[in-house]
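2 protein chains.
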Amino acid sequence: MTPISQLGEFGLIRHLTSGIKNVQPSTLYAVGDDAAVLNHEGKRTLVTTDLLLEGIHFNLEYVPLRHLGYKSVAVNVSDICAMNATPTQITVGLGVSSRFSVEDLEEFYAGVRIACEQYKIDLVGGDTCASVNGLTIAITCLGVADEQDIVYRNGAKPNDLICVTGNLGSAYLGLQLLERELRVFRNTQHGNLAKATEHDDAIQEKFEGREYLLERQLRPEARLDIVQALRKAGIRPTAMMDISDGLSSELFHICTQSKVGCDIYEDKLPIDYQAAALAEEMNLNIVTCALNGGEDYELLFTCDIHDYEKLVPLDDVYIIGHITPAEYESVQPDQPANLRLIPRNGNPLPLTAQGWNAFQAE
Amino acid sequence: MTPISQLGEFGLIRHLTSGIKNVQPSTLYAVGDDAAVLNHEGKRTLVTTDLLLEGIHFNLEYVPLRHLGYKSVAVNVSDICAMNATPTQITVGLGVSSRFSVEDLEEFYAGVRIACEQYKIDLVGGDTCASVNGLTIAITCLGVADEQDIVYRNGAKPNDLICVTGNLGSAYLGLQLLERELRVFRNTQHGNLAKATEHDDAIQEKFEGREYLLERQLRPEARLDIVQALRKAGIRPTAMMDISDGLSSELFHICTQSKVGCDIYEDKLPIDYQAAALAEEMNLNIVTCALNGGEDYELLFTCDIHDYEKLVPLDDVYIIGHITPAEYESVQPDQPANLRLIPRNGNPLPLTAQGWNAFQAE
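Which chain is which? The protein sequence lines are A and B, in order.
When you line the first sequence up against this note's numbering, it's residues 277 to 638, in that order.
When you line the second sequence up against this note's numbering, it's residues 277 to 638, in that order.
Be careful, since some hints might not be right.
Just so you know, same-sequence chains aren't split out, so a pair can sit in one copy or run between any two.
Cross-link-like lysine-lysine pairs, in silico, DSS-like; alpha carbons within 30 Å at most [said to hold, decoys possible]:
id : residue 1 : residue 2
1  : Lys297    : Lys482
2  : Lys535    : Lys433
3  : Lys319    : Lys396
4  : Lys535    : Lys297
5  : Lys586    : Lys471
6  : Lys586    : Lys535
7  : Lys433    : Lys297
8  : Lys508    : Lys396
9  : Lys319    : Lys297
10 : Lys508    : Lys482
11 : Lys319    : Lys482
12 : Lys433    : Lys508
13 : Lys535    : Lys471
14 : Lys544    : Lys471
15 : Lys297    : Lys586
16 : Lys544    : Lys396
17 : Lys297    : Lys508
18 : Lys319    : Lys471
19 : Lys482    : Lys586
20 : Lys535    : Lys482
21 : Lys433    : Lys482
22 : Lys396    : Lys433
23 : Lys433    : Lys544
24 : Lys482    : Lys396
25 : Lys433    : Lys586
26 : Lys544    : Lys319
If you are wondering where the hints come from, they were derived from the structure by calculation, not from laboratory data.
Using the sequences and the accompanying hints, generate a full structural model.
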């Protein structure tokens, strides 16, 4: 393994970004100066940023670096898709401690490049520096859209249909599976589960039949395909978000910002059979996983009820409920009163926005 | 002190970004959705990003959080200035461990806001999350420029004048002073030097007459004023960079990318008298400090010799040398042969680009 110090700062950046080809016409000048230069003439520029920290957002004991590179890009691309826009460029900031080698960073960047190819975006800049401990990843993604295409969180109105893409809870269950196997692995062996999964038959067996859940957790996709399909179908959502913190939490954001309520139906929630089976095995409530499990990076959107006929033929889009009238006069800004889950028995339950509070003491 | 967990993730972001007013006409939609929406119609959009890590880029034992917030913005604004462009928006990503309180983050954000006011830019998004240890700051800055105004590193040509703004080495000497006092402070007391400097007379005395050096290190300014002055004077630099890693290192970048050499004159290097006095006291070579000390965030630029008359009346701009013909055939890409320092005795010395290699073992 090559120590990073052997290449030095400039050498490392050159090494990691060499051979990167730009595909976006709006990329005028990328890596190699104080700033990248972009041309989004006559369009709106969108920007989103995410920080991913070791020990909080990922555990390198079971996350391969290549997947982590891919996921870091995908979660930012997902935020641009959630505005109904087209992602165009990213910047990548990396803080790396001395326990990482040049080969480790190559793996990470390999994942970044695969994601850039997948979403047809350009890597236009970044910052790579030493850190005291652990791996820090800061990604910023830019996108473009015509003014009239951009979809915010605040446009949902009563009677709008509520839709989600793909399925819910799978990424969360993938995480539970990885955490469980890591605990077993730690008790029996030394080393790195991420590397062991590639070589160890006993471990491969543990994951057999659950590959889909692992993929959902380790290598999620941004739903750029859905943004394109909606455009093709002539549907402009009234509000949209990506599901990173969990369906309940995102519905809370849309309803609060749109000043509306919602009814969603338990039996309409799209759930994968691998997820349902694992939830059963682990004594977890699959509906709770679907409502509050994060990191699915599917899209949640609302659209006018008149778009129903256009929506139905779309692949991988599921109508799960509808927006209800305002009546939004909650005293607690964090807990709107009229977000409801309609279970199979028909008696509405309040939908609680558990959200995510990593600052809470465990 | 209020623990961050009391506000929760959403509450914290609302709290820290409440009351922020946008001043840039291009800011269409800022904090509160998946991405910010910007309008840079008919102009070029520029983007730069920086990661600042505790223990590497700053030491909270002597850096007040408010100054750190200011500096984090200024160093990114500086990168946009270095392209001869106008900074317009920033995003701020923060990773904070549980040892930080809400009041700590308010201090940091107060500094961010002061910098936004200073440079007339908008805070349009970000990401705040828990970290396992320490403080992580990721800033992305956007800017705009007309196509013909943008200045890259690769436009310097033989006989161009080489200019720097302000003075060199002061930020580095400010750092040496802080590091020295911290060592003394650690041996005699417990606590935080940053807080002690505000209340402790004995410590205030140590810094007396050196306030300028501390300011240069703790609260550097981006030279947006110079970008504006150059425009007003009708000067378009042929190449430009900001001096973050040290003059030698930046000259190396400009000469390599422009495929030229340079002669710079020792007696032309602008040096502040406080810096010279402290270097003497600490047995440091002030010319080495000026050439290789980083973090001055002054501008280094080259411009056509015919602009000489326009340059001379400009405040705080110093001509330190000139660009020499190509002859650039070095075998080592990291060490061009024709970067020269002309000392007072007139015998040219090779200018070595020490650069900065934080990955090197101490």
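Hints and how they fare:
no.: 1; hint: Lys297 - Lys482; result: neither (40 Å within a copy, 53 Å between copies)
no.: 2; hint: Lys535 - Lys433; result: within (8 Å within a copy, 60 Å between copies)
no.: 3; hint: Lys319 - Lys396; result: both (18 Å within a copy, 23 Å between copies)
no.: 4; hint: Lys535 - Lys297; result: between (45 Å within a copy, 23 Å between copies)
no.: 5; hint: Lys586 - Lys471; result: neither (46 Å within a copy, 63 Å between copies)
no.: 6; hint: Lys586 - Lys535; result: within (26 Å within a copy, 58 Å between copies)
no.: 7; hint: Lys433 - Lys297; result: between (43 Å within a copy, 28 Å between copies)
no.: 8; hint: Lys508 - Lys396; result: within (18 Å within a copy, 40 Å between copies)
no.: 9; hint: Lys319 - Lys297; result: both (23 Å within a copy, 24 Å between copies)
no.: 10; hint: Lys508 - Lys482; result: neither (42 Å within a copy, 69 Å between copies)
no.: 11; hint: Lys319 - Lys482; result: neither (49 Å within a copy, 55 Å between copies)
no.: 12; hint: Lys433 - Lys508; result: within (23 Å within a copy, 51 Å between copies)
no.: 13; hint: Lys535 - Lys471; result: neither (48 Å within a copy, 45 Å between copies)
no.: 14; hint: Lys544 - Lys471; result: neither (38 Å within a copy, 57 Å between copies)
no.: 15; hint: Lys297 - Lys586; result: neither (38 Å within a copy, 40 Å between copies)
no.: 16; hint: Lys544 - Lys396; result: neither (33 Å within a copy, 49 Å between copies)
no.: 17; hint: Lys297 - Lys508; result: within (28 Å within a copy, 37 Å between copies)
no.: 18; hint: Lys319 - Lys471; result: neither (45 Å within a copy, 48 Å between copies)
no.: 19; hint: Lys482 - Lys586; result: neither (42 Å within a copy, 74 Å between copies)
no.: 20; hint: Lys535 - Lys482; result: neither (46 Å within a copy, 57 Å between copies)
no.: 21; hint: Lys433 - Lys482; result: neither (46 Å within a copy, 64 Å between copies)
no.: 22; hint: Lys396 - Lys433; result: neither (34 Å within a copy, 36 Å between copies)
no.: 23; hint: Lys433 - Lys544; result: within (20 Å within a copy, 67 Å between copies)
no.: 24; hint: Lys482 - Lys396; result: neither (35 Å within a copy, 56 Å between copies)
no.: 25; hint: Lys433 - Lys586; result: within (19 Å within a copy, 60 Å between copies)
no.: 26; hint: Lys544 - Lys319; result: neither (37 Å within a copy, 47 Å between copies)
Comparing the model with each earlier hint shows violations of hints 1, 5, 10, 11, 13, 14, 15, 16, 18, 19, 20, 21, 22, 24 and 26; every other hint is respected.
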